[in-house]
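Keeping their order, the protein sequence lines are chains A and L. According to the numbering used here, the first sequence is numbered sequentially starting from 41. According to the numbering used here, the second sequence is numbered sequentially starting from 8.
Bear in mind the hints are in silico, worked out from the structure with no lab data behind them. Worth double-checking, as some hints may not be accurate.
Pulled from the structure, derived: some chain L residues nowhere near chain A, Cβ distances all over 12 Å [as the list claims (entries may be wrong)]:
#, residue
1, P22
2, Q24
3, D79
4, I86
5, H88
6, E103
7, V107
8, Y110
9, T180
10, R187
11, D191
12, Q201
13, M233
In silico BS3-like cross-links for lysine-lysine, where the CA-CA straight-line distance does not exceed 25 Å [stated by the list, open to error]:
#, chain 1, residue 1, chain 2, residue 2
14, L, K160, A, K202
15, L, K162, L, K113
16, L, K179, L, K162
17, L, K179, L, K113
18, L, K113, A, K202
19, L, K160, L, K179
20, A, K202, L, K162
Note that beta-carbon positions come from the ideal geometry of N, C-alpha and C, so glycine has one too.
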Amino acid sequence: MGTFIQLVVDGLATGSIYAALALAIVLVNQATGLINFAQGGLAVLSSYIAFAFLQLQLPLIVAILIAVVLSFFIGALVERFLLRRFERGDPDTAVVVTIGLLTLVTGIAAMIWTYNNRAFPSLFPLTSVEILGAVVSVRSLATTVTIVVIMVVLQLLFLRTKLGLALRAVADNPASAAFSGLPVGRLLMVGWGLAATLGAVAGVLVAPQLTLTPGMLDTALVYALASVILGGLSSPVGCVVAASAIGVLENLVAVYVPLIGHDLKIAVPFALIFVILILRPQGLFGRKVVVRV
Amino acid sequence: MTLLELSGVTASYGPVQVLEGVELSVPEGGSVGILGANGAGKTTTLRAISGTVRTGGRIRFEGRDIRGFRPDRVAALGIAHVPEGRGTLGQLSVRENLMVGAYLRKDRRSIPADIEYCLDLFPQLQDRVASRAASLSGGEQQMLAVARAFMAKPKLLLLDEASLGLAPSTSKTVYEAIRRLRLDSGIAMLVVEQNANLAFSLVDTATVLETGRNVLTGSSDELRGMDEIRRAYLGG
Chain A
41 MGTFIQLVVD
51 GLATGSIYAA
61 LALAIVLVNQ
71 ATGLINFAQG
81 GLAVLSSYIA
91 FAFLQLQLPL
101 IVAILIAVVL
111 SFFIGALVER
121 FLLRRFERGD
131 PDTAVVVTIG
141 LLTLVTGIAA
151 MIWTYNNRAF
161 PSLFPLTSVE
171 ILGAVVSVRS
181 LATTVTIVVI
191 MVVLQLLFLR
201 TKLGLALRAV
211 ADNPASAAFS
221 GLPVGRLLMV
231 GWGLAATLGA
241 VAGVLVAPQL
251 TLTPGMLDTA
261 LVYALASVIL
271 GGLSSPVGCV
281 VAASAIGVLE
291 NLVAVYVPLI
301 GHDLKIAVPF
311 ALIFVILILR
321 PQGLFGRKVV
331 VRV
Chain L
8 MTLLELSGVT
18 ASYGPVQVLE
28 GVELSVPEGG
38 SVGILGANGA
48 GKTTTLRAIS
58 GTVRTGGRIR
68 FEGRDIRGFR
78 PDRVAALGIA
88 HVPEGRGTLG
98 QLSVRENLMV
108 GAYLRKDRRS
118 IPADIEYCLD
128 LFPQLQDRVA
138 SRAASLSGGE
148 QQMLAVARAF
158 MAKPKLLLLD
168 EASLGLAPST
178 SKTVYEAIRR
188 LRLDSGIAML
198 VVEQNANLAF
208 SLVDTATVLE
218 TGRNVLTGSS
228 DELRGMDEIR
238 RAYLGG
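Bound conformation, chain A alone:
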């Protein structure tokens, strides 16, 4: 029983990493209608920016805050000067551009900071507490709590604020939104900026655990996309639940199903997606997109 609880707790901790990235992807999707494959790459870049300020002997929290603020502008500028050119065209083109951006950002990070692993200090103490017989690191616990707080804030932003409504309106139909006076370009920049900010938070939360490398979030991005599809593109709560479920499930399966083990566990979430999407094409929490003509 002790092992089981330990596996669940560890799974939730990994799940919170996927969740952080998944939330950023949902944010961009809600605000621009796109899936941003570069989200992980931008988050890594943000982490490196924090790392660079750390090396200037700034305190950790200050370095992180600077990186988070700069990330807003990086996200906004990427939208303004890169994605803006593709937004009016085929959405598929824009998605491919984000994949190219991922490669580019990873390359830039490697060029400046090399592919060597860098140690990144944790915001939270490295102590552990015991809960129901399982050893839980304070770091995992704090990460999970942070993610849940961000999730709630995002949900409120989208559903309860004027900015959230405007972001969703622009994502739904930019041309139509402009007829109501919404400054479409500025709102798209804000959407990307907010997502990059969120990605920065995700990056610095997980960097201590994964150690900083240009490809730090590549695997996490795959799981984050799986969570987003599973939880529904329109639902912050859904993608966090899905990310946690995926984290727990892959841990349990790796240990309890010998046939799968640690080598095949990456396939588990995708088998799950396959089954769930057949039953619920809109994802677990997503809303069905209905088009009537």
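Go by the hints and put chain L onto chain A.
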């Protein structure tokens, strides 16, 4: 007082010139129709005003040249465009669509009352306030598009083919509501409509376009009486 004045307005989609010098004038609180056959430039004239097509000539709104303004800036000046087709945000609820319509308004306190007014104007929307716009029928979506434009409290409403694709009885309902809206609010209107009877039920004067030029302008009563106009441009 003239609210909107177009003189020598040209417009083109890439190399194809669609407007060849359109003249138009909408008085404050007035309602003007644009009639004409398919491809005459009616929709493009509205697009020229709302800033969604490349335009030449002069477009003055409240004495100020607004040609070349971005659509959101035009909207901010008090011009609400209800485009051809469904001018709604499909994945947002009916209420959210109306809230988006009111995005630029500063008088936030009176927004709920205006939403109530819209639901009174279009009772069909009452049971659907929480439904997503994409799930509405064509007629309901058109009603929502007009209501959303009204929520901006504009000075001028550009209305493009509000009857398109609707059953005749539904078109009539929509136009009756728009007429009431005009009486209640005094909003000036520029109306593009293929169906002449619907158009004349709403406008005081009208101009007939043919291949991007005005060929005839007059009051509703004058134009309504002209048999050849009816046959040539208005489909009987």
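A quick look at each hint next to the structure:
The claim that L/P22 is not at the interface with chain A holds, since no C-beta of that chain comes within 12 Å of its own (minimum 19 Å). Taking the minimum C-beta to C-beta distance to chain A, about 22 Å, the non-interface status of L/Q24 holds against the 12 Å cut. With a least beta-carbon separation of about 5 Å from chain A, L/D79 fails to lie farther than 12 Å from that chain, contradicting its non-interface assignment. Once the 12 Å rule is applied to beta carbons, L/I86 is inconsistent with being away from chain A; the minimum gap is 9 Å.
The claim that L/H88 is not at the interface with chain A is violated, since a C-beta of that chain comes within 12 Å of its own (minimum 5 Å). A beta-carbon of chain A is positioned within 12 Å of the beta-carbon of L/E103; the least distance is around 6 Å. With a least CB separation of 5 Å from chain A, L/V107 falls inside the 12 Å interface cut-off, contrary to its annotation. A beta-carbon of chain A comes within 12 Å of the beta-carbon of L/Y110; the shortest separation is about 5 Å.
Remark: the non-interface label on L/T180 is consistent with the geometry, its nearest Cβ contact in chain A lying 19 Å away (cut-off 12 Å). Here L/R187 stays apart from chain A, with its beta-carbon at least about 22 Å from theirs, past the 12 Å limit. No Cβ of chain A approaches the Cβ of L/D191 within 12 Å, the least distance being about 21 Å, so the stated non-interface status holds. Residue placement check: L/Q201 keeps its beta carbon more than 12 Å from all beta carbons of chain A (closest about 19 Å).
Against the 12 Å criterion, L/M233 stays outside the reach of chain A, whose nearest CB is about 34 Å from its own CB. Between the alpha carbons of L/K160 and A/K202 the distance comes to roughly 18 Å, so the proposed pair stays at or under 25 Å and holds. Between L/K162 and L/K113, the direct Cα distance comes to roughly 15 Å. Compliance with the 25 Å bound is thereby established for this hinted pair. Our distance criterion of 25 Å between C-alpha atoms is met by L/K179 and L/K162, whose separation comes to about 24 Å.
A threshold of 25 Å between alpha carbons decides the hint, and for L/K179 with L/K113 the separation of about 34 Å lies outside it, so the pair is violated. Restraint check: the Cα-Cα separation between L/K113 and A/K202 comes to about 13 Å, which is no more than 25 Å; the hinted pair holds. In summary, the hint linking L/K160 to L/K179 is supported, as the alpha carbons are separated by about 23 Å, within the 25 Å threshold. Among the hinted pairs, A/K202 with L/K162 is consistent with the structure: their alpha-carbon atoms are about 23 Å apart, no more than 25 Å.
In summary, the numbered hints that this structure violates are 3, 4, 5, 6, 7, 8, 17.
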